[in-house]
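Participant: Letter by letter, the chains look like this.
Protein chains: 2
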Amino acid sequence: MFELHPQLQQDCLEIGRFRLSRLLLMNESRFPWFILVPEREWVTEIYQLSEADQSVLVKESSTLARGLAEAFSGEKLNIAAIGNVVPQLHLHHVVRYRNDLAWPAPVWGKFTPMPYDKDGLAEVVARLQAFLPDAFLWSLA
Amino acid sequence: MFELHPQLQQDCLEIGRFRLSRLLLMNESRFPWFILVPEREWVTEIYQLSEADQSVLVKESSTLARGLAEAFSGEKLNIAAIGNVVPQLHLHHVVRYRNDLAWPAPVWGKFTPMPYDKDGLAEVVARLQAFLPDAFLWSLA
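Protein chains in written order, with this note's numbering: chain A, 1 to 141; chain B, 1001 to 1141.
Isolated chain A, as found in the complex (with noise of 0.2 Å):
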């Protein structure tokens, strides 16, 4: 049984479900950082998915940058497997922008983050959601 790891429960929001992919928001209001985690238990690396699940998984994040592209008009996406912390397989998804509080640098590690409020998360939802095709299931949690 897949289960989100625990470090992914605490930092993020469930915001929807792909095919293969929760749908996370990292509770950072600084930066519009979304994370894909594949529905598929011990797996750490991409590679260890199979070869349908690879192709499933970069369609989503595809759909989901291009989502990501048209909501906030950043200058760039940073698209990341990581995991030397949480070894759980997930897709980091970052809009970033030039005058943002990293750039050029990555987010990672670097900065405790500070959280949405109600308004805030609502609005960045919303603003995803407008970007996403139907054909995605998302299912607001």
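In case anyone wonders, no lab produced these hints; they're calculated from the structure. Remember, predicted model here, so these are calculated numbers, not experimental data. Idealized CB from N, CA, C, for every residue including glycine. One should not assume that every hint holds.
[As the list claims (entries may be wrong)] EDC-like mimics (lysine to aspartate or glutamate), calculated; alpha carbons at most 20 Å apart, straight line:
1) A:Lys59 with B:Glu1028
2) B:Lys1118 with B:Glu1028
3) A:Lys110 with A:Glu28
4) A:Lys110 with B:Glu1045
5) A:Lys110 with A:Asp100
6) A:Lys59 with B:Asp1100
7) A:Lys110 with A:Glu123
8) B:Lys1059 with A:Glu28
9) A:Lys118 with A:Asp11
10) A:Lys118 with A:Glu41
11) B:Lys1059 with A:Asp53
12) B:Lys1059 with A:Glu14
13) A:Lys118 with A:Glu14
14) A:Lys110 with A:Asp11
15) A:Lys59 with B:Glu1051
16) B:Lys1059 with B:Glu1028
17) B:Lys1059 with A:Asp117
18) B:Lys1110 with A:Asp100
19) A:Lys59 with B:Asp1053
20) A:Lys59 with A:Glu70
[To be verified] From the derived model, a few chain B residues whose C-beta atoms are all more than 10 Å from chain A:
21) His1005
22) Glu1014
23) Arg1022
24) Val1043
25) Ser1055
26) Val1058
27) Arg1066
28) Ser1073
29) Trp1103
30) Ala1105
31) Phe1111
32) Ala1122
Use these hints to put chain B onto chain A, whose structure you have.
Facilitator: Quick look at chain B alone, frame taken from chain A:
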């Protein structure tokens, strides 16, 4: 005509070619650090590739990743498309160890690279070459 970004030319050594992507070795001897660059002009994000190219890219990435896992026996792979400094789409693959210089932080933007000497370069390339399947074009530059 596709041309490798000058910064990648400067920081990396071209060590092979897959069907879609050039395979570069980051000239930083303290981390086994490889980069795939799809030979497509003007592409800065994975989602901008055609679906067929995205599928090839994930296959090439996973072939490389599996080879790296076998050749270098790291604790974790870090795979990332960042591009805040060099916008040309390129996919980092870094083998990480619990006792490496940066663990558990990511390696990007942290250190001034320490280049390989001739023997070190030959060794790292031979080590990976032994674990990459023949089906993938591999021509030492």
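Participant: Could you run down the list of hints and mark each one as holding or not?
Facilitator: Hint check results:
Restraint check: the Cα-Cα separation between Lys59 (chain A) and Glu1028 (chain B) comes to about 32 Å, which exceeds 20 Å; the hinted pair is violated. Taking the CA atoms of Lys1118 (chain B) and Glu1028 (chain B), the gap is near 13 Å; set against the 20 Å cutoff, the hint holds. Using a Cα cut-off of 20 Å, the hinted pair Lys110 (chain A) and Glu28 (chain A) holds, with the two alpha carbons roughly 12 Å apart. Taking the CA atoms of Lys110 (chain A) and Glu1045 (chain B), the gap is about 23 Å. The hint is violated against a cut of 20 Å.
Pair hint Lys110 (chain A) plus Asp100 (chain A) holds up; C-alpha atoms about 13 Å apart against a cutoff of 20 Å. A threshold of 20 Å between alpha carbons decides the hint, and for Lys59 (chain A) with Asp1100 (chain B) the separation of about 33 Å lies outside it, so the pair is violated. Of the pairs offered as hints, the one joining Lys110 (chain A) and Glu123 (chain A) is violated, with about 25 Å between alpha carbons and a cut-off of 20 Å exceeded. Taking the CA atoms of Lys1059 (chain B) and Glu28 (chain A), the gap is near 32 Å; set against the 20 Å cutoff, the hint is violated.
Restraint check: the Cα-Cα separation between Lys118 (chain A) and Asp11 (chain A) comes to about 16 Å, which is no more than 20 Å; the hinted pair holds. For the hint linking Lys118 (chain A) to Glu41 (chain A), the alpha-carbon distance of about 32 Å lies beyond 20 Å, and the restraint is violated. Restraint check: the Cα-Cα separation between Lys1059 (chain B) and Asp53 (chain A) comes to about 11 Å, which is no more than 20 Å; the hinted pair holds. For the hint linking Lys1059 (chain B) to Glu14 (chain A), the alpha-carbon distance of about 29 Å lies beyond 20 Å, and the restraint is violated.
Between Lys118 (chain A) and Glu14 (chain A), the direct Cα distance comes to roughly 14 Å. Compliance with the 20 Å bound is thereby established for this hinted pair. Proximity of Lys110 (chain A) to Asp11 (chain A) is assessed by CA-CA distance (about 14 Å); at most 20 Å being required, the pair is judged to hold. Pair hint Lys59 (chain A) plus Glu1051 (chain B) holds up; C-alpha atoms about 8 Å apart against a cutoff of 20 Å. The hinted pair formed by Lys1059 (chain B) and Glu1028 (chain B) fails the criterion: a straight-line CA distance of about 25 Å is larger than 20 Å.
A distance of roughly 40 Å separates the Cα atoms of Lys1059 (chain B) and Asp117 (chain A); the hinted pair therefore is violated under the 20 Å criterion. Between Lys1110 (chain B) and Asp100 (chain A), the direct Cα distance comes to roughly 18 Å. Compliance with the 20 Å bound is thereby established for this hinted pair. Pair hint Lys59 (chain A) plus Asp1053 (chain B) holds up; C-alpha atoms about 11 Å apart against a cutoff of 20 Å. The hinted pair formed by Lys59 (chain A) and Glu70 (chain A) meets the criterion: a straight-line CA distance of about 17 Å does not exceed 20 Å.
Residue placement check: His1005 (chain B) keeps its beta carbon more than 10 Å from all beta carbons of chain A (closest about 14 Å). Distance to chain A confirms Glu1014 (chain B) as a non-interface residue, since its nearest Cβ pair spans about 23 Å, more than 10 Å. At roughly 19 Å from the closest C-beta of chain A, the C-beta of Arg1022 (chain B) stays outside 10 Å, upholding its exclusion from the interface. At roughly 12 Å from the closest C-beta of chain A, the C-beta of Val1043 (chain B) stays outside 10 Å, upholding its exclusion from the interface.
Not every CB of chain A lies more than 10 Å from the CB of Ser1055 (chain B), the least distance being 6 Å, so the non-interface label is violated. For Val1058 (chain B), the requirement that its beta carbon stay farther than 10 Å from each beta carbon of chain A is not met, with the minimum near 5 Å. Not every C-beta of chain A lies more than 10 Å from that of Arg1066 (chain B), the closest at about 5 Å, which undercuts listing it as non-interface. For Ser1073 (chain B), the shortest C-beta to C-beta distance to chain A comes to about 13 Å, beyond the 10 Å cut-off, and the non-interface label holds.
Here Trp1103 (chain B) does not stay apart from chain A, with its beta-carbon only about 6 Å from theirs, under the 10 Å limit. At roughly 5 Å from the closest C-beta of chain A, the C-beta of Ala1105 (chain B) falls inside 10 Å, breaking its exclusion from the interface. Residue-level check passed: Phe1111 (chain B) sits 12 Å from the nearest beta carbon of chain A, beyond 10 Å. A cut-off of 10 Å between C-beta atoms confirms that Ala1122 (chain B) is not in contact with chain A; the least separation is 26 Å.
Going down the numbered hints, you'll see the structure goes against 1, 4, 6, 7, 8, 10, 12, 16, 17, 25, 26, 27, 29 and 30, while the others check out.
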